[in-house]
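S.K.: These are the residues of each chain, in order.
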Amino acid sequence: MAPLVPEFISPEFNLVIALIVGIGFGYALEQAGFSSSRKLVGLFYGYDFTVLKVFFTAGITAMTGVLVLGHLGLLNLEMLYINPTFLYSAIIGGLIMGAGFIMGGFCPGTSLCAAAVGRLDAMAFIGGSVVGILFFMEAFPLFEPIFVAEYLGVLTFYEVLNISPELFGVILTIVALGAFYATSKLEDHINNKKTDVPKNRKWVYSAIGVVPLLLIGLVWLTPSKKEYVRNLADRQAASGEAQLETMDIDELAFELVNHAHEYNLIDVRDTSSFSESIPTAINIPFDEIDSEAWTDLYKQPYKKNIFIGDSEETVLKAGILARIMGDEDPIILDSSVIDFRDAIYTPTEPAPDAPKHDKDVYRFRNNARIDLIRIEERLKNLQQPVKKVIKRVEGGCT
Amino acid sequence: MKPKAYMNPYLAGLFLGFVLLATIYITGRGLGASGGVKNAVMYGVEQTAPEHWENTEYYQNYEESNPGSPLNSFLFYEIIGVVIGAFISGVISNRIDLKFEKGPSITSKTRFFFAIMGGVLFGFGSQLGRGCTSGSALSGMAIMSFGGIITMFAIFGGAYMLAYFFRGLWLNTGGK
Chain C
53 MAPLVPEFIS PEFNLVIALI VGIGFGYALE QAGFSSSRKL VGLFYGYDFT VLKVFFTAGI
113 TAMTGVLVLG HLGLLNLEML YINPTFLYSA IIGGLIMGAG FIMGGFCPGT SLCAAAVGRL
173 DAMAFIGGSV VGILFFMEAF PLFEPIFVAE YLGVLTFYEV LNISPELFGV ILTIVALGAF
233 YATSKLEDHI NNKKTDVPKN RKWVYSAIGV VPLLLIGLVW LTPSKKEYVR NLADRQAASG
293 EAQLETMDID ELAFELVNHA HEYNLIDVRD TSSFSESIPT AINIPFDEID SEAWTDLYKQ
353 PYKKNIFIGD SEETVLKAGI LARIMGDEDP IILDSSVIDF RDAIYTPTEP APDAPKHDKD
413 VYRFRNNARI DLIRIEERLK NLQQPVKKVI KRVEGGCT
Chain X
2 MKPKAYMNPY LAGLFLGFVL LATIYITGRG LGASGGVKNA VMYGVEQTAP EHWENTEYYQ
62 NYEESNPGSP LNSFLFYEII GVVIGAFISG VISNRIDLKF EKGPSITSKT RFFFAIMGGV
122 LFGFGSQLGR GCTSGSALSG MAIMSFGGII TMFAIFGGAY MLAYFFRGLW LNTGGK
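Taken in sequence, the protein lines are chains C and X.
Each residue of the first sequence is one higher than the one before, counting from 53 in this note's numbering.
Each residue of the second sequence is one higher than the one before, counting from 2 in this note's numbering.
Only chain X is shown next, with the shape it has when bound in the complex (with noise of 0.2 Å):
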């Protein structure tokens, strides 16, 4: 079966602001991703490296902010949440299928490498800027948060700056 087309952009960017306006409606605060991708990592020094987690002042300034199992936040049901939209979504639109998806100048390999590399930088630039697009950029628009508005240009951009050095990633560079 084919895929279905995509959604109009506008239309999927109403509802998505009527998912967040709901949100805000409800928690008083907004949608997030990388922290609860965070809540996960945490999770897992816990597990496997209790002393470490007990020594380390980071996690315990943490834990002290955030009593219980660090899985117990807000954002870690709701990436949950989202991996199961996603997955519907992409069922009811027959998109399931399991590839590399990468631009056609490319290998598999280098792809794969620049996905991981680019996942470090984003995890890591997501802590030091408090939020990544979603929790700092998207939801600080909808408060018109100074910080989250600055962030957003940041994250555009720094990749707008950079295009041009990783065109090769992406575009039919025919075979240079």
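Chain C extracted, bound-state conformation (with noise of 0.2 Å):
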């Protein structure tokens, strides 16, 4: 699953990587035109719009691959950078950046590529802009209040709003449709022209205005890939055809005082809970149960994987999701954690005329209880519940 970087492909190469990219990058600014400073700022008078249609095209572009990834569930959305929100630094540092576009005629990329295709005023643009960065470092101190002012987290747009992704990028792609069409309109208005685009022409740049709009709108309607395991999982339980080895108290009680390395043993109730469970568990909430975190867990084949809980729906579902993401032989334990507990650690006496199986089983029963009492006190000092942390992908321009 991407992102590729860190897992699959090392820091080093990396930066082979940054400089591909970055020749696709410089090579699409420059072929849009992005190395004229005049073409640039015509944005700001009304003659040219190429800059709107560019950057707008891309953005809805790599957005709606986003949303159509994540969905299919071929990139984690998790991981990726979203740059940290800091309210007021972000509006003043935009409007000083507008003050120097509307001077300099560029911007930090595209003055790159008009240097790059020998225009001597980007190269003062860069050489003003090693100035401005060299002054801003230096002076950091100056302005680390403001830098560090109004931090609202990694925050993204459509949790402002408080609607779903797939309605922000519906908006935001019917937004820039309607931007096209009326600074196509504006941009003959101004420049005294009328363009006449070809009626098939037009057909052509309808439809494939309405691709991006298709395509969020099935990321909106479809269920995802989360959606759709999920949704296996209960038709699989639901069936009773699941057939999950399972195990009962007793045989648990005497693999975990005999052979505990050979498993582990996964609580699938909320952390609140999890104080009172079984020695040597882990927790792993059931709504966590299906991360990606926890794939190589169920894969690896050392050692079988036990899961616990509360409702014996509730853990049927998680040995049965744990298979579809790859757990061969998932075991499930017959009764609730609290049954366990009750059964091992206050076992009720047999009466002294009772079979001798029940005695067995009592006597079975408190030497259990001596030995996993043992073993729950070795464990006490680890770090509880042991936690996998997917991290977020390190980036940004600062």
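These are computed hints drawn from the structure, not numbers from a lab.
Treat each hint with caution, since some may be false.
Stated by the list, open to error - Residues from chain X shown here face chain C by an in silico Cβ test under 8 Å; the list is partial:
1) 17
2) 32
3) 85
4) 98
Don't be surprised by glycine CBs; every beta carbon is placed ideally from N, CA and C.
Can you join these two chains into the complex? Each is in its own frame, and there are hints to help.
M.R.: Next up, the structure:
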């Protein structure tokens, strides 16, 4: 599952990737005409809206792609770098950049492109930006208070508006399409000319404009990979044909006392109730059971995973989800954790005339309790819950 | 030879969008430009004033979170690529030419002065705003980042607000 860095591509090779995508970036900018400052500032005087067209088309294309790839489970959106929001510096920095844009006629990326094709004004702009950056770094303590003020966290626009990412994508696409239409009319008006787009070309433009809307619409309406997997697990659990290996209380106690190292005990209850679990258990709440973070745990061939919890149904679904994610032989406990604790920690002494079997069970449970308490004591200092955290990729321009 | 026409803006945008998408898919992060320039500036400071480098908190903080040479960064290699890519495009379309580009009503000297001033402001603003048009605005839009899109509005909004005052730089003002 992407992103491929850092799990599949090393940080060193990442620099080669950087060079290659940079070439694509520079080629695209130059072909679009971004090496010309007069073309760039045309946006602000209305005689050339190329910047808006290229910029929005690129943004919408990439955004649609991110939504589609995430939906198909090919790209883990939780790992993507999202620039953190520091409200004041974002706005003030942006306004200062806007002033630089209208005075200099470039932004940093386009100035590099223009310098590459020999524009002397772009080289002057780059020289200026070196000075500006150096000034910021040297005088940083002066700007630090504003730099870190109003920190809102790693935040997306749809979270702020409290809508779904798909709805935000649709809105942004419609805004972009509207802007394309309006600015092409405006451009003609300001330049006193009339561009006649042939009828078949109009059809092509409209059809292409609808593509991102259709794609985002599909993402919106169809279940995501995660929902699909959950539905599949629900169906398998309901049909009663899941056929997972089960253990009862005494089998589990016996295995823990004698071969604890052969098993991972996974408690699928909420973390709040986890404090009273079975010794050696780790906690993966049911909501997170199908997170990518656990794939390695499910797929490893060395230990068998035993799922425990409160309700039989939840434990069964957890086992099925683990199997869908690559666990070949998940085991589930056929009783709840509370029942296990009751049976082992406070066994009821059978009457003197009870059958021999009951007395054996009692003796066994009593011994198991002593062993399990010993195991529990030994593990007390371990960090609980043992958790693998998926980190976001490092990125950004600072 | 006459320079070839520019690519259709929508087609160029589509191409750029796929470059950005591929970058996000492979690396989990977007594109950038000012950050790469910053790395080069840092390298210059480290090489020419090593003592100052050692004694300045900002550089030391950077080195702590990014050990090794400042040039050993994704964005620096990326902007090297940008220059190569733009040069290739310029060669293909016959646009390589050493020249000043300026509005019809100003001298080369004026253009030179304002290009430097614009660079200073943009460079400074990109550091304060944690990224420029590429890293903050464009890449921010692709992942729907709140801060990125806010910065995008601020950049273009700021330029529009000031456009009237600097019209002399770009438009034919009839000798005014």
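S.K.: Does residue 17 of chain X hold up as a contact with chain C if the rule is Cβ-Cβ below 8 Å?
M.R.: With a minimum Cβ separation of about 4 Å from chain C (threshold 8 Å), the hint on residue 17 of chain X holds.
S.K.: Tell me if residue 85 of chain X is really an interface residue toward chain C, meaning its C-beta lies closer than 8 Å to one of theirs.
M.R.: Given a least distance of 5 Å, the restraint on residue 85 of chain X holds.
S.K.: Hint check: is the beta carbon of residue 32 of chain X less than 8 Å from a beta carbon of chain C?
M.R.: Since chain C brings a Cβ to about 6 Å from residue 32 of chain X, closer than 8 Å, the hint holds.
S.K.: Taking the closest Cβ pair, is residue 98 of chain X under 8 Å from chain C?
M.R.: holds (5 Å)
In this structure, every one of the numbered hints holds.
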